[in-house]
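Asks: Sequence lines, in order, name chains A and B. Position 141 (the first sequence) corresponds to 141 in the numbering used here; numbering is contiguous. Position 207 (the second sequence) corresponds to 207 in the numbering used here; numbering is contiguous.
Think of the hints as simulated: they come from the structure by calculation, not from any bench. Hints are supplied without guarantee of correctness; some may be wrong.
Said to hold, decoys possible - Straight-line alpha carbon distances no greater than 30 Å define the calculated DSSO-like cross-link-like pairs of lysine-lysine that follow:
hint	chain 1	residue 1	chain 2	residue 2
1	A	Lys93	B	Lys765
2	B	Lys666	A	Lys179
3	B	Lys526	A	Lys16
4	A	Lys23	B	Lys715
5	A	Lys232	B	Lys722
6	B	Lys666	A	Lys224
7	A	Lys212	B	Lys671
8	B	Lys698	A	Lys23
9	A	Lys212	B	Lys666
10	B	Lys765	A	Lys16
11	A	Lys212	B	Lys715
12	B	Lys722	A	Lys23
13	A	Lys93	B	Lys739
14	B	Lys765	A	Lys87
15	A	Lys23	B	Lys714
16	B	Lys722	A	Lys93
17	B	Lys800	A	Lys212
18	A	Lys93	B	Lys671
19	A	Lys175	B	Lys742
20	B	Lys715	B	Lys671
21	A	Lys87	B	Lys742
Claimed, not checked - Simulated restraints, written as ranges between beta carbons of each label pair:
hint	chain 1	residue 1	chain 2	residue 2	range
22	B	Ile833	A	Glu89	31 to 37 Å
23	B	Ser884	A	Met112	37 to 43 Å
24	A	Glu89	B	Ile876	33 to 39 Å
25	A	Glu89	B	Ser711	29 to 35 Å
26	B	Asn816	A	Met112	48 to 54 Å
27	B	Ser771	A	Thr188	19 to 25 Å
28	B	Glu631	A	Glu89	23 to 29 Å
29	B	Ser884	A	Glu89	30 to 36 Å
30	B	Val770	A	Arg191	22 to 28 Å
Said to hold, decoys possible - Coverage of chain B stretches by chain A, computed from C-beta distances (three or more under 8 Å per stretch; other residues unrestricted):
hint	segment
31	539-546
32	644-651
33	682-693
The beta-carbon is built from N, C-alpha and C at its ideal position, and this holds for glycine as well.
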Amino acid sequence: MSDHDNYHILICDDEKDIVNALKIYLSQNPDYILHEAFNGREALAILKQKPIDLVLLDIMMPEMDGIETILKLRESYNIPVILLTAKSEDTDKIQGLNLGADDYITKPFNPMEVLARVRSQLRRYTQLGAAVPVSERQYRCGNIFLDDSEKTVTVDGESVSLTPTEYAILLFLIKSPNKVFSPQEIYTAVRGELPYGAEGTIAVHIRHLREKIEINPAEPRFLKAVWGQGYKLDQFQKSERGELS
Amino acid sequence: MKKPFHKNSFCKAVAILVYAVSVPVFCAGAIGTTGLLSNDYYTRSLSTIQKENIEHRLNSDLWNLDADFTELKNNGYFSETISEQRKTALYQEIMGRYDPDKTNFFFCVYDMDDNLLLQSGSGAYQASRTFTNNETIYHESEQIMSELEYERFCDQHQYDQVKWSMEEITVPRGEPAPTLPGQEPLPETVPVTSPETIPTTNPELESEPESTELTESTEFTEEITETTNVPISTETMALMESPFDFSIHANAENELVLAPMDEAADPDFTSYSMDEKEQICRALDLGYETSYDNGSTLKLWVTFINYAGYEQRILFEDYFRLLLDQNPDLYIITQDGLHYVIDYHTAPPAMLPISHYIASYPEDFSLIESYPADIASGEYDTYYHVKISEPEDISTHYIVGYVKAELTAEDYYRTAQQYTALAYQYRYLIPIITVIAFLLCITGFLFAVASAGYHTNQEEPSGTIFEKIPYDVFTVCLFFAGILSMLAVDEFTNWEQIIMIAICLMVLSFIILWFCMSTATRIRTKTILQNNVLYKIFELLRNLFQKFRNRTRHAPKLLEYLPFVWKAGIVAVGTFFLDFLAVALIAEREEFGWFLKILMWMVGIAGTILVVYQLHLLESGGQNLADGKLEEKINTKRLFGVFRKHAENLNSISDGMNKAVSDRLKSEMFKTELIANVSHDIRTPLTSIINYTDLLSKLNIQDEKAIGYISVLKKQSARLRKLTEDVLEASKATAGTTKTEKEIMDMKVLLEQLIGEYSERFEQKNLQLVSNITESSLTVLGDGRLLWRAVDNLFGNICKYAMPHTRVYLNAYSENHRIFITLRNISNTELNISSDALMERFIRGDRSRNTEGSGLGLSIAQSFINLHNGELNLHIDGDLFKVSIDLPEHDNSEINTAI
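In isolation and in its complexed conformation, chain A is listed as follows (with noise of 0.2 Å):
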């Protein structure tokens, strides 16, 4: 653990070109301390020198891979790390989260993105920790905290202001996480009352409320449309999370 206002963020890339692109970006940030690797096996060499807070590893690297190195690296560290690689498909990004990821993030992706995932993940790693809620009314989903009590929504510890809607929403998802919600059970939830025809509305509220908790709306981490059925809260990070540790 480095000290509170500095954090050591270790890139791992065998192309140069993205590693000094990233690092720009992250450089923007004062409190970043970035180091690079360009492979597995440099990465876990300084893993054992720096008091590393976050990696970013790419997956497919020369001598060792990023699925190998996460392997070795979970052997011994806790940090976050977020794979960043141009492995599209369902079947990698499930592969890589199950081997230990906190986050995925495709190739080729938005700067932007990589930034607030970075600082989600070490702000959680850091700040809020493996927090549970105290209360029964405090729910937690991933990096969203909701106090009922309170009637408050914080995202890696941010708070954000709701519609009364949203936040009803919300709420009723985030009471069952992982389960699915057709429109027409949310609005009734919601509102009291069946639909009749307007539970299309449903489907704008949803829209909304990702756009204020989701880092990308266009692919909602925790927020997510099963389509043809409803919605559900995802808490998929939070049981890996707890299974790893």
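Guided by the hints, dock chain B onto chain A, whose structure is given.
Replies: Frame of chain A; chain B shown alone:
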């Protein structure tokens, strides 16, 4: 070059000749030697052997006599057979009178009327035994001679006559029994005893003077003895007392005419002139001559061939007397081939054609039924006498034995004696000749066989034309030739026969040699087995069998060639006939018929089930094929015949399709993989491009142009990024490698969700969405993500290409278990392109390609809809762009079963 002997044709010929000559010599010698040895020629004297020989033959003849007596007794002539005592006496008599160098003899048996009953004995007459009974004359030989002829014969050949009366069987007419003549051993006593005996038996013997008269007349034979008097006198007496008178003469037409005679009979033809006598002889076709006898009187002598085959010369008067004597009733004479009968019964006797008598006295001629036809036809050119008259009371019979003092007659007694003497004379030479002949014939044989097949001019053995004859045919032919040659061998009692036998033996031995030589040749030329009819037949059969087997090996094929319809037809016809048979059997034997019919039904039912089962297997196989289950093959083990073939065809189609599909799949997978790899490889540089473009845009650049360029870079890199993703997606979708995780979902919810997502973008484009989803739910079984992608692409297209400030219509409804979703919008640009072309990848509505998007949207959407057994259709009507999706509705009632 010196040739071996056995290869010389000349030597071979010599060997064959030696063999041919030596074989009969050897055979004769071997037979002779065997006879010599078995008859003990080397230790006994010739006279002993000859006597034994004669005794042996005499025994045999007596045995014959005995048999003949038995026959006569059976026919009622004798009450007793000739006794053993009598036979012994007879035998002793003959043997006592027997002189091995001279004697010859035979027997005759007469009844009291001097009728010849039986003759037996040696010599030429041995075979001619004759006896009579009451009704019929039995004759075993055509050599028949009256007792008179015998007497004449005996006269001629100087036989001594021995006459015995048979006292046992004598039933004299109240006369005392005769004395035993056998007791007088000397031939001189015979004429003395005969007059003694005969008067007791025959009262006609009173006419002694007649007999002397006759002896005088027969004095023409120089060495005549008194012994012949007795029987001749008997005959003469009979003749004298003949009740008929006749005269016979030839008329002017050279015909024999019977003329009536006065009381003054003219038995001696004294009234005939010499001319007349000659005329008669001519008429009767008799040889005659005139000569002077001892008394210097001119006499006419008749020469004729008697029945013993000997030429006989006799006085004309005697001849006719004899004829008349023999034929007291009827006398048949021949003239110019015509037959006449001299009828004694008529007075005067008439000479009439025999046909007249055949008509007049059918009873008489029935007794000689074998003759009249011949006689009437004129083919019978000799006469025959028939005794028709009833015999008188039979009283005494007597046997006359004729014993010849000098051995002159050519009978077999004499022949045997001659041969015996000859054999005795050469008894040492014969074995030596035999051995030499044997050695010669063996040598010749071996040499001939050894040289068989070789010829002077040829080195290699070769067959003659006879070796071309099949061996077995050759063998059989020679075998039969040998048999034939042996058949010719009969008895060897005279020289002709012996020569014949010798020839036959030579032929036979030559055949044997020929056979052996031919066999040797065939062995040498190695044709003994092949050149055989049997072998050829065997070969033929073997060939046939092999052909047949070859055929049968291909038989299943042949059966397959037979059209199936024919096979079915054959089965049907067979069934018909079986059924017919069964019906017929029911009528005949009910239980068998019913059994057959029930059996047929059972077989029929089983067969039908089998065929239907086979059809079912084929049908399910075909269904599998149609359903695209190419891995499921038809099990051909349980099929047969045409069904199996059909199943194999289906399987091979399925194999072919399977291969084609898997090939296609492989190539598609390969393509997808290639695209995936390429897109991955593109992504890394693309990441840098995007990132650095972004970084560039964040630099403080004042140059307007540079800012413009950077924005172009940004836009195009973003497009490139989208393109790579879409290409990958599209390739996966069309290659069918996209994995679908189907679950029950609601298209209505999906559409609402999408509308929610797109509401902002529509607003931005000033597009008004008119949604008309009538159903409460549109349930499908599908992968939500894929269906979302499909509809999402459509919505995206609308956002991209729809004319702003227009309405977009969304309709969704279910009909006939299908869900129909239609999206209609007005195109922003002119759609001068067919809907099919729009569906093609990388084709977009505008050809400029300067708008955002990859052009793969519709194609991907269609692929995903197809994955759900749905259809995506485009319809362009001017600027109206219509997309319709058609998905199978998931039946709610099937939810449970589907999950």
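Asks: Each of the hints needs a verdict: does it hold here or not?
Replies: Here is what the structure says about each hint:
1. Between A:Lys93 and B:Lys765, the direct Cα distance comes to roughly 34 Å. Violation of the 30 Å bound is thereby established for this hinted pair.
2. Restraint check: the Cα-Cα separation between B:Lys666 and A:Lys179 comes to about 39 Å, which exceeds 30 Å; the hinted pair is violated.
3. Note on B:Lys526 and A:Lys16: the hinted pairing is violated, with a Cα-Cα distance of about 100 Å set against a maximum of 30 Å.
4. As the CA atoms of A:Lys23 and B:Lys715 are separated by approximately 23 Å, the hinted pair is consistent with the 30 Å bound.
5. Between A:Lys232 and B:Lys722 the CA atoms are separated by roughly 27 Å; this keeps the pair inside 30 Å, and the hint holds.
6. Between B:Lys666 and A:Lys224 the alpha-carbon distance is near 35 Å, which puts this suggested pair outside the 30 Å criterion.
7. Between A:Lys212 and B:Lys671, the direct Cα distance comes to roughly 41 Å. Violation of the 30 Å bound is thereby established for this hinted pair.
8. At most 30 Å may separate the alpha-carbon atoms for a hinted pair to count; B:Lys698 and A:Lys23 meet this at roughly 15 Å.
9. For the suggested pair A:Lys212 and B:Lys666, the alpha carbons sit about 45 Å apart, so the restraint of at most 30 Å is broken.
10. For the hint linking B:Lys765 to A:Lys16, the alpha-carbon distance of about 41 Å lies beyond 30 Å, and the restraint is violated.
11. With a C-alpha separation of about 26 Å, the suggested pair A:Lys212 and B:Lys715 falls inside the 30 Å cut-off, and the hint holds.
12. As the CA atoms of B:Lys722 and A:Lys23 are separated by approximately 25 Å, the hinted pair is consistent with the 30 Å bound.
13. For the proposed pair A:Lys93 and B:Lys739, the alpha carbon gap of about 16 Å is at most 30 Å, so the pair holds.
14. For the proposed pair B:Lys765 and A:Lys87, the alpha carbon gap of about 34 Å is over 30 Å, so the pair is violated.
15. A threshold of 30 Å between alpha carbons decides the hint, and for A:Lys23 with B:Lys714 the separation of about 20 Å falls inside it, so the pair holds.
16. For the suggested pair B:Lys722 and A:Lys93, the alpha carbons sit about 19 Å apart, so the restraint of at most 30 Å is met.
17. Pair hint B:Lys800 plus A:Lys212 holds up; C-alpha atoms about 26 Å apart against a cutoff of 30 Å.
18. For the suggested pair A:Lys93 and B:Lys671, the alpha carbons sit about 23 Å apart, so the restraint of at most 30 Å is met.
19. For the proposed pair A:Lys175 and B:Lys742, the alpha carbon gap of about 27 Å is at most 30 Å, so the pair holds.
20. This hinted pair checks out: B:Lys715 and B:Lys671 have alpha carbons roughly 28 Å apart, not beyond 30 Å.
21. Among the hinted pairs, A:Lys87 with B:Lys742 is consistent with the structure: their alpha-carbon atoms are about 24 Å apart, no more than 30 Å.
22. For the pair B:Ile833 and A:Glu89, the beta carbons lie near 33 Å from each other, so the given range of 31 to 37 Å is met.
23. The given range of 37 to 43 Å is respected by B:Ser884 and A:Met112, whose C-beta atoms sit roughly 40 Å from each other.
24. A beta carbon spacing of about 35 Å between A:Glu89 and B:Ile876 agrees with the range 33 to 39 Å that was offered as a hint.
25. At roughly 32 Å, the beta carbons of A:Glu89 and B:Ser711 sit within the given window of 29 to 35 Å.
26. Between B:Asn816 and A:Met112 the Cβ separation comes to about 50 Å, which falls inside the hinted range of 48 to 54 Å.
27. Checking the proposed 19 to 25 Å range against B:Ser771 and A:Thr188 shows it holds: the Cβ atoms sit about 21 Å from each other.
28. Restraint check, B:Glu631 to A:Glu89: a C-beta distance of roughly 28 Å satisfies the suggested window 23 to 29 Å.
29. B:Ser884 and A:Glu89 have their C-beta atoms about 31 Å apart, which keeps the hinted 30 to 36 Å range intact.
30. Between B:Val770 and A:Arg191 the beta carbons are some 25 Å apart, a value that agrees with the proposed interval 22 to 28 Å.
31. Counting residues of the segment 539-546 of chain B whose C-beta sits closer than 8 Å to any C-beta of chain A gives 0, which falls short of three, so the coverage hint is violated.
32. Interface restraint, the segment 644-651 of chain B with chain A: violated (0 residues with C-beta to C-beta distance below 8 Å; minimum three).
33. With 9 residues carrying a beta carbon less than 8 Å from a beta carbon of chain A, the segment 682-693 of chain B meets the three-residue requirement, and the given coverage holds.
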